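Protein chains: 4
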Amino acid sequence: MSAENSSIKKVVLAYSGGLDTSVIVKWLQETYQCEVVTFTANIGQGEEVEPARAKAQAMGVKEIYIEDLREEFVRDYVFPMFRANAIYEGEYLLGTSIARPLIAKRMIEIANETGADAISHGATGKGNDQVRFELGAYALKPGVKVIAPWREWNLTSRETLMAYCKEHEIPVDFAKATKKSPYSMDANLLHISYEGDILENPWVEAEADMWRWTVSPEQAPDTPEYIEISFEKGDPVAINGEAMSPATILETLNKKGGAHGIGRLDIVENRYVGMKSRGCYETPGGTILLPAHRAIESITLDREVAHFKDALMPKYADLVYNGYWWSPERKMMQAAIDESQACVNGDVRLKLYKGAVTVVGRRSADSLFDESIATFEDDAGAYDQKDAAGFIKLNALRMRIAAQKGRKLEN
Amino acid sequence: MSAENSSIKKVVLAYSGGLDTSVIVKWLQETYQCEVVTFTANIGQGEEVEPARAKAQAMGVKEIYIEDLREEFVRDYVFPMFRANAIYEGEYLLGTSIARPLIAKRMIEIANETGADAISHGATGKGNDQVRFELGAYALKPGVKVIAPWREWNLTSRETLMAYCKEHEIPVDFAKATKKSPYSMDANLLHISYEGDILENPWVEAEADMWRWTVSPEQAPDTPEYIEISFEKGDPVAINGEAMSPATILETLNKKGGAHGIGRLDIVENRYVGMKSRGCYETPGGTILLPAHRAIESITLDREVAHFKDALMPKYADLVYNGYWWSPERKMMQAAIDESQACVNGDVRLKLYKGAVTVVGRRSADSLFDESIATFEDDAGAYDQKDAAGFIKLNALRMRIAAQKGRKLEN
Amino acid sequence: MSAENSSIKKVVLAYSGGLDTSVIVKWLQETYQCEVVTFTANIGQGEEVEPARAKAQAMGVKEIYIEDLREEFVRDYVFPMFRANAIYEGEYLLGTSIARPLIAKRMIEIANETGADAISHGATGKGNDQVRFELGAYALKPGVKVIAPWREWNLTSRETLMAYCKEHEIPVDFAKATKKSPYSMDANLLHISYEGDILENPWVEAEADMWRWTVSPEQAPDTPEYIEISFEKGDPVAINGEAMSPATILETLNKKGGAHGIGRLDIVENRYVGMKSRGCYETPGGTILLPAHRAIESITLDREVAHFKDALMPKYADLVYNGYWWSPERKMMQAAIDESQACVNGDVRLKLYKGAVTVVGRRSADSLFDESIATFEDDAGAYDQKDAAGFIKLNALRMRIAAQKGRKLEN
Amino acid sequence: MSAENSSIKKVVLAYSGGLDTSVIVKWLQETYQCEVVTFTANIGQGEEVEPARAKAQAMGVKEIYIEDLREEFVRDYVFPMFRANAIYEGEYLLGTSIARPLIAKRMIEIANETGADAISHGATGKGNDQVRFELGAYALKPGVKVIAPWREWNLTSRETLMAYCKEHEIPVDFAKATKKSPYSMDANLLHISYEGDILENPWVEAEADMWRWTVSPEQAPDTPEYIEISFEKGDPVAINGEAMSPATILETLNKKGGAHGIGRLDIVENRYVGMKSRGCYETPGGTILLPAHRAIESITLDREVAHFKDALMPKYADLVYNGYWWSPERKMMQAAIDESQACVNGDVRLKLYKGAVTVVGRRSADSLFDESIATFEDDAGAYDQKDAAGFIKLNALRMRIAAQKGRKLEN
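Protein sequence lines, in the order shown, are assigned to chains A, B, C and D. For the first sequence, our numbering puts the final residue at 412, and the numbers step up evenly by one. For the second sequence, our numbering puts the final residue at 412, and the numbers step up evenly by one. For the third sequence, our numbering puts the final residue at 412, and the numbers step up evenly by one. For the fourth sequence, our numbering puts the final residue at 412, and the numbers step up evenly by one.
The hints are simulated quantities; they were obtained by calculation from the structure and are not laboratory data. Small disclaimer: the values here were computed from a predicted structure and weren't measured. A hint or two may mislead.
Just so you know, same-sequence chains aren't split out, so a pair can sit in one copy or run between any two.
[Said to hold, decoys possible] Below, a list of computed lysine-lysine pairs in the DSS-like style, where the Cα atoms sit at most 30 Å apart: (1) K146 to K11; (2) K234 to K256; (3) K352 to K257; (4) K167 to K257; (5) K167 to K11; (6) K409 to K332; (7) K234 to K332; (8) K256 to K352; (9) K406 to K146; (10) K10 to K63; (11) K332 to K27; (12) K234 to K257; (13) K409 to K257; (14) K146 to K409; (15) K234 to K316; (16) K10 to K167; (17) K406 to K234; (18) K352 to K409; (19) K332 to K167.
Use the sequences and the hints to build the structure in full.
Take a look at the structure:
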């Protein structure tokens with residue numbers, strides 16, 4: 002225990018109820034002689050959160066927070082991010098990244114409510130999640146102490162962990178623990194992720210039975226399904242004409258996508274801490290939502306606004322991935338993105354089939370698509386083709402002058 | 002005929018051998034009283050080019066160029082563009098755009114060889130292709146005259162065109178002309194495109210029998226196919242271990258992709274001339290190549306290099322789409338991109354199935370993926386988890402100071 | 002007169018009262034047989050606008066608008082632009098560019114009030130101003146007709162213009178007209194510009210007696226003057242503690258800057274229409290305001306916000322220069338910039354001396370400068386220097402891995 | 002001494018010969034029981050480097066490197082950076098930053114030559130220089146150990162340092178040490194910097210006697226001096242027609258600039274480690290070189306190339322400032338920048354007077370400035386003003402369509 006931490010009185014722990022974070026409860030109590038407040042949130046990970054209460058109580062925890070944050074998660078985090086069409090490194094839909102700022106925010110709010118002076122989490126010292134939790138915490142409560150047991154303790158193998166449990170009589174479900182997935186996993190309403198084990202060799206294909214949320218495309222129905230998503234101000238608000246809450250929208254898309262084998266991804270990504278890592282992801286709903294959002298934007302956004310959004314996007318995605326949701330630069334960028342979404346209203350029709358999602362139609366009362374101009378038929382003077390000659394000539398002028406003065410463009 | 006053009010002596014025409022450009026041959030001869038040189042290139046559009054010779058001869062053309070440019074097209078245009086992972090507006094693989102600079106370059110070279118003072122093409126005044134042809138021409142031969150008949154003449158309907166043909170005894174295949182597709186189409190080794198007709202309503206799904214290069218996913222084989230693509234310096238050089246020329250690589254991927262229903266795209270895009278237009282595209286080979294290239298980059302490129310490439314990409318794609326291939330800024334950008342590809346070597350394994358292409362493995366002698374560091378197991382000191390605490394604290398410092406001074410990040 | 006324009010009934014003309022636009026009044030009346038509405042604005046060009054009334058009346062103009070727009074100009078155009086620290090091509094403070102959108106907007110509003118169907122202006126066909134006027138007009142009233150006499154008529158030399166005046170008895174001050182400056186000039190509260198004549202040779206230094214708003218540095222006072230500018234939300238609100246209106250702020254800074262020889266600029270710039278042109282500018286107040294704004298930002302803006310602003314700036318400046326003030330992309334960008342300025346409050350102290358302006362101090366109640374951390378003295382634990390080791394090690398990790406795998410960074 | 006460092010055998014120290022690094026020699030010998038290799042470079046800091054030899058010998062150092070790196074510094078670091086027109090945060094010419102990669106590179110080369118396994122430097126744990134040294138070292142020799150005494154020892158005040166010297170009989174010039182400047186300073190051929198002491202209050206003006214390389218503008222000559230700088234491929238090669246080596250160019254410009262009071266800068270900047278700090282800089286030669294380079298670019302660079310360079314510049318400057326000179330992304334960016342400079346040849350004429358540098362003329366055999374087109378006089382048909390109408394109309398099209406469909410741009 003470092004000197005800095007000797008004064009810690011109470012710590013809020015992001016507690017899943019699982020083995021690792023149960024060990025952390027005990028380890029914090031023992032190592033820091035401090036009170037532990039547990040915080041368990043339902044963000045759509047697909048497991049019951051209520052059992053965490055009894056486990057925490059059994060370890061002597063007095064202040065226990067268990068909350069359903071699904072609507073807030075989708076409304077205030079997932080949807081704003083999708084307004085930006087954010088994808089990290091051309092592939093990754095940021096499913097893990099986007100859940101962390103909400104957890105960080107609630108931990109700090111609970112710390113303020115309970116008078117805690119520290120927070121703690123179960124993320125390892127090699128990953129991005131520690132960064133996301135802690136940057137958020139520091140940004141929202143600059144004097145907070147952070148305890149990251151995986152960077153401090155020496156319970157670095159499963160064996161030492163299990164021994165610690167046995168010794169401290171930690172009430173975990175050992176049966177479940179032993180038949181545990183070999184992968185390091187994370188889940189929320191947007192996605193489930195897999196890392197580690199055989200995935201550490203990026204040449205080896207993921208095993209068929211690893212995937213949990215989607216059927217394989219081969220096992221998906223032989224008949225395509227068509228769906229219609231309606232948007233208001235850039236956010237999806239209805240499926241097949243039925244209005245739904247944000248979380249219900251995403252749950253519904255997850256179910257449909259999963260059934261059609263949609264949303265599997267297998268990539269090697271660059272972590273913020275400097276290493277490459279291989280991850281597999283299932284993001285069924287998000288994989289439908291992204292092209293749908295792009296499609297409604299394609300008829301409602303001005304060209305230069307759309308291109309400016311595309312230019313901003315990689316940086317926005319970096320900010321989310323690297324843990325800077327709670328930063329003034331993300332806020333500034335969001336202001337521009339949200340400004341652009343005022344007219345992003347309308348419907349998109351999509352086809353779901355055997356792992357692929359295809360946009361087949363889009364319409365909007367705010368459409369900027371003008372058939373009378375775009376038509377190959379006579380446009381009755383809506384567009385004067387002769388204008389194009391001047392347009393081209395002036396755009397070419399700088400290059401014509403350069404060529405006249407002897408500049409060569411061919412090598 | 003404007004005063005400027007009265008002096009035109011000889012014009013090089015991009016001649017397909019089809020109805021429209023045959024009319025243009027006659028119209029140029031008649032309107033400008035000038036000699037016409039025809040230039041017909043095989044860039045993989047899938048039609049015979051040799052028949053264009055007899056047609057041109059029949060109209061009195063003396064200088065006839067017919068060339069197979071497929072290897073040059075793929076090697077010097079398609080592959081450099083794929084090094085950039087270029088996608089226009091998040092979706093479009095730039096299949097039409099990338100063929101134009103090659104045609105423009107050859108037209109100018111032929112103009113120089115034959116002493117022609119003008120070039121002509123059959124692109125309309127509403128589209129992007131006129132811009133791409135003409136920007137290229139002006140950049141490479143600044144004093145060249147450009148004749149764009151569709152911006153000048155009054156043969157604006159199929160009827161007037163056909164009447165013109167009859168009147169001038171233009172030897173076109175009328176049988177073929179009448180059963181012509183209702184769509185405006187363009188094809189080359191990278192893709193085939195469809196515009197117009199019912200596609201002008203963006204809510205209406207494209208008809209099943211419109212598509213020509215790919216089977217529908219529903220009709221694709223029920224068994225996935227796995228393939229392996231090998232890269233050298235960012236370019237694909239072999240498929241399943243067999244070395245192939247650039248054009249053969251793309252042809253092979255087109256065949257495989259087409260058979261599996263891969264590469265269909267239906268979008269509304271923003272044209273450079275200012276309107277939105279709806280286009281459908283089949284790009285089977287390119288749709289396989291792009292994720293494959295990203296995958297080999299994912300293990301061989303430095304993170305910041307990859308992110309910088311992603312930041313450059315939208316602008317690079319704009320340049321190609323808008324017709325600025327032959328510009329100093331594209332050349333400058335290409336220098337950076339090519340510099341990044343020196344170590345982009347290795348193999349990617351992909352699964353093709355019912356319209357979807359999935360990366361399942363990647364390996365390289367130049368891999369930067371380091372299992373010993375990324376592992377969830379003990380890394381024997383390769384990475385000191387304690388470093389992460391300092392990393393996070395300094396990255397958080399500016400936000401902690403701001404929060405201490407009362408700045409709020411939550412609204 | 003083209004067919005399109007034959008139907009023009011009433012046109013709003015941006016009327017300076019000078020020779021050129023007086024000729025245009027007559028030419029419009031004669032060529033289009035239409036009614037002309039004149040619009041003359043005081044935007045700080047330093048000439049009386051009221052005399053324009055009698056001149057217009059003398060030519061039979063019935064609807065005459067004469068307006069003082071100085072406060073609106075500075076408040077709604079100049080200041081928002083300075084929030085962005087906008088500079089075109091590293092040098093030019095956009096003095097001409099920023100006045101055009103206001104003129105365009107008022108012309109359209111007047112067209113709507115008077116039932117005019119067209120606007121007209123006196124900008125030439127080679128410059129940027131035609132683009133700025135017309136893009137603004139089209140964006141705000143898409144069906145408006147635009148008449149740009151310099152692109153239509155054949156009064157292309159001073160002689161033919163003068164002959165036209167004589168023939169049509171245009172009441173211009175010929176005495177003044179003959180001793181007119183040899184330069185093409187433009188002025189408003191932000192700057193005065195000079196183009197043409199000997200400046201067309203970019204190697205030749207501008208003549209000493211060309212400059213009108215500033216003394217030469219050699220003739221400026223031998224004693225420096227110190228001033229203090231106060232900012233609120235990114236805009237200057239007071240000088241030396243005295244609160245002033247936007248226009249008064251700029252007028253005051255112009256006077257002070259001009260007296261100290263501050264704000265002269267001599268550049269070759271790239272016009273939007275494709276050519277290079279040489280321009281000389283005097284922007285005394287703006288040349289003080291820009292470093293002052295940067296200085297107050299330097300202590301009140303977060304680092305990443307400041308860097309993001311710097312990354313956006315060149316594009317923002319292009320938009321203003323090219324005439325896209327009235328565009329959705331400028332509006333979107335402005336939303337982000339304005340979001341960043343909420344805490345840009347405080348005072349900046351500057352020294353003005355012989356052509357140079359130097360920031361010597363800055364302070365703010367919203368300062369993020371933290372002496373207790375930045376100090377070279379003991380910081381009492383505010384910053385743990387050991388954190389830096391981890392920060393550096395993780396930032397270096399990707400490069401260390403690359404080097405271990407044999408990548409070379411030296412050529 | 003940490004376990005990791007217990008095995009250190011030999012360390013290369015960046016040794017200035019001054020008090021602080023002399024203490025470090027002793028402290029390294031004592032703490033790590035290792036051999037110390039000293040490396041002292043003349044990079045134009047303006048102090049003799051040869052005296053470092055005797056001092057090092059007196060402390061028992063056996064391997065002593067003393068080198069004159071001025072030409073290499075300017076040719077391979079300063080000039081490539083000026084090709085990019087790099088400025089950090091709109092103001093800072095990166096004088097300190099750009100010297101670090103050269104020092105880091107030589108330290109690693111010397112480590113390789115002498116078989117050393119570690120390097121050491123005298124930079125503090127709060128600043129940017131530690132990062133620049135160490136990122137460079139790790140990138141070039143990934144297994145190297147780094148010893149940063151200021152992050153490790155407890156000699157954190159001047160008193161404890163002096164006591165250490167006395168105790169260890171370190172042969173420093175105490176007389177000189179005591180009358181030392183109160184500022185933390187750094188100098189090389191590009192600049193000299195000042196931090197600390199009264200500068201820690203950003204509202205207080207720097208004292209007149211702090212500045213060392215420039216006279217105050219008030220004391221500069223009352224007569225301006227005109228100079229001419231010639232460029233080849235973006236680098237200055239001659240002054241007033243006299244060819245000079247890179248270092249001589251910069252020395253000459255420093256002398257001229259210093260005599261005219263040019264190059265003082267007083268800013269608050271954002272450090273990479275997360276805090277704001279106030280710095281004063283004198284960069285006389287660089288302050289002349291930057292506008293000169295921009296001026297020669299203004300007539301020789303294509304517009305879009307110039308704008309692309311401006312868009313890249315802030316990121317390039319960040320990389321240099323943050324210590325990523327030896328990174329693949331800087332190398333990639335440099336490839337684009339260098340590609341752009343092939344035609345940046347010609348002469349620039351400048352006026353130096355009382356703190357201000359003004360460009361007054363520029364000429365080049367590679368100029369793209371075309372008087373025949375830019376002229377306000379008759380251009381004999383070089384430019385058809387009617388082209389502008391089409392250019393504007395198509396650029397306005399997207400906004401006209403939007404307005405017709407009811408979009409509002411005014412708030």
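Against the structure, the hints:
{"no.": "1", "hint": "K146 to K11", "verdict": "within (10 Å within a copy, 38 Å between copies)"}
{"no.": "2", "hint": "K234 to K256", "verdict": "within (24 Å within a copy, 41 Å between copies)"}
{"no.": "3", "hint": "K352 to K257", "verdict": "both (11 Å within a copy, 23 Å between copies)"}
{"no.": "4", "hint": "K167 to K257", "verdict": "neither (43 Å within a copy, 56 Å between copies)"}
{"no.": "5", "hint": "K167 to K11", "verdict": "within (25 Å within a copy, 48 Å between copies)"}
{"no.": "6", "hint": "K409 to K332", "verdict": "between (45 Å within a copy, 11 Å between copies)"}
{"no.": "7", "hint": "K234 to K332", "verdict": "both (18 Å within a copy, 17 Å between copies)"}
{"no.": "8", "hint": "K256 to K352", "verdict": "both (15 Å within a copy, 24 Å between copies)"}
{"no.": "9", "hint": "K406 to K146", "verdict": "between (65 Å within a copy, 18 Å between copies)"}
{"no.": "10", "hint": "K10 to K63", "verdict": "within (14 Å within a copy, 54 Å between copies)"}
{"no.": "11", "hint": "K332 to K27", "verdict": "neither (38 Å within a copy, 50 Å between copies)"}
{"no.": "12", "hint": "K234 to K257", "verdict": "within (24 Å within a copy, 40 Å between copies)"}
{"no.": "13", "hint": "K409 to K257", "verdict": "neither (55 Å within a copy, 38 Å between copies)"}
{"no.": "14", "hint": "K146 to K409", "verdict": "between (61 Å within a copy, 19 Å between copies)"}
{"no.": "15", "hint": "K234 to K316", "verdict": "both (22 Å within a copy, 26 Å between copies)"}
{"no.": "16", "hint": "K10 to K167", "verdict": "within (26 Å within a copy, 45 Å between copies)"}
{"no.": "17", "hint": "K406 to K234", "verdict": "between (51 Å within a copy, 17 Å between copies)"}
{"no.": "18", "hint": "K352 to K409", "verdict": "neither (48 Å within a copy, 34 Å between copies)"}
{"no.": "19", "hint": "K332 to K167", "verdict": "neither (46 Å within a copy, 54 Å between copies)"}
In terms of the numbered hints stated before, the structure departs from hints 4, 11, 13, 18 and 19, listed from lowest to highest.
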